[in-house]
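Number of protein chains: 2
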Amino acid sequence: MTDPGKNFMQLAIGLAREGMNSATGGPFGCVIVKDTVVIASGKNAVTSTNDPTAHAEVVAIRQACRALGTYQLNGCELYTSCEPCPMCLGAIYWARPDKVYYAATRHDAADAGFDDHFIYEQLSATVENRAIPMLPLQRESGIILFEEWKLKSDKTSY
Amino acid sequence: MTDPGKNFMQLAIGLAREGMNSATGGPFGCVIVKDTVVIASGKNAVTSTNDPTAHAEVVAIRQACRALGTYQLNGCELYTSCEPCPMCLGAIYWARPDKVYYAATRHDAADAGFDDHFIYEQLSATVENRAIPMLPLQRESGIILFEEWKLKSDKTSY
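Heads up: the sequence lines are chains A and B, in that order. Residue 30 in this note's numbering sits at position 30 of the first sequence, and the numbers go up by one each step. Residue 130 in this note's numbering sits at position 130 of the second sequence, and the numbers go up by one each step.
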């Protein structure tokens with residue numbers, strides 16, 4: 001008897017290794033499964049595509065949504081070779097799969113030279129205390145925009 | 001005398017309004033500026049493209065990186081109509097622009113029905129206490145992958 005979850009994780013790790021060895025990007029891979037079928041996969045492609053958002057999870061989430069024709073991944077499980085970074089975790093919350101499995105932890109990633117842990121700390125910091133300066137500007141104009149959105153009758157919420 | 005920063009923010013807000021009124025997505029816009037020139041722009045396109053990662057900032061960051069042929073945005077400033085959500089903030093940290101200006105706050109966004117504040121809370125929560133279950137699986141395989149990465153001599157770090 002084999003545990004399908006373990007096989008899915010091995011697929012994610014295989015993609016990570018493939019991506020690393022073919023210089024596609026860093027050692028990260030992800031598969032997304034629905035009803036025990038792999039519907040999407042991704043490997044990190046940051047350096048080969050000059051896209052800092054091309055993390056394995058983001059690549060796989062975008063592909064899964066294209067495959068399903070929706071921006072929501074309910075009923076899906078995500079297997080990733082490493083605990084998602086804050087960007088990917090944010091993407092996961094917006095896509096809303098049912099469950100996430102990860103192999104290595106954020107600390108293992110930090111030990112291998114990836115900034116995840118630092119970014120987690122930065123997200124918890126107040127806006128005034130961030131390493132990248134973040135400054136409020138023309139808040140009133142931004143609020144007016146949201147008022148217009150709230151009044152809009154034919155909008156698609158997400 | 002006009003303040004160029006204010007003009008860039010008005011551009012971002014104009015894109016947000018345009019995207020909202022053309023049903024491209026939610027009321028969010030972003031421009032990226034280098035040496036006082038707009039090099040990229042984005043509007044939220046989540047619902048029209050079925051891509052939960054197509055937030056204005058992610059769209060603009062990807063476009064700016066394509067334009068510059070790099071995955072790093074040092075020397076750039078990002079103007080966004082709303083304080084970035086955790087996904088976009090993560091993308092910003094990976095892309096590393098010099099500075100971020102935002103109009104509406106995350107609380108203004110929550111008031112208009114956007115989950116950002118909830119996701120910020122989830123990111124601060126321990127892995128065991130997340131609303132989407134996140135489970136460790138085969139950590140050893142993930143660590144082996146990172147060991148291989150560390151030993152790799154011809155890698156491109158990011």
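Treat the hints with care, since some could be wrong.
Here are some, though not all, of the chain B residues that point toward chain A, as calculated from beta-carbon distances under 8 Å [what the hints assert, rightly or not]:
| # | residue |
| --- | --- |
| 1 | Ile-61 |
| 2 | Tyr-102 |
| 3 | Ala-125 |
| 4 | Thr-126 |
| 5 | Glu-148 |
It should be emphasised that the hints constitute simulated quantities derived from the structure, not laboratory data. Given the structure is predicted, the values throughout are model-derived calculations rather than measurements. Every residue gets a Cβ at the ideal spot worked out from N, C-alpha and C, and that includes glycine.
Hint check:
1. Ile-61: holds, 6 Å
2. Tyr-102: holds, 6 Å
3. Ala-125: Status violated, d = 11 Å.
4. Thr-126: violated, 11 Å
5. Glu-148: holds, 7 Å
Figure legend: structure checked against the earlier numbered hints; hints not met, in rising order: 3 and 4.
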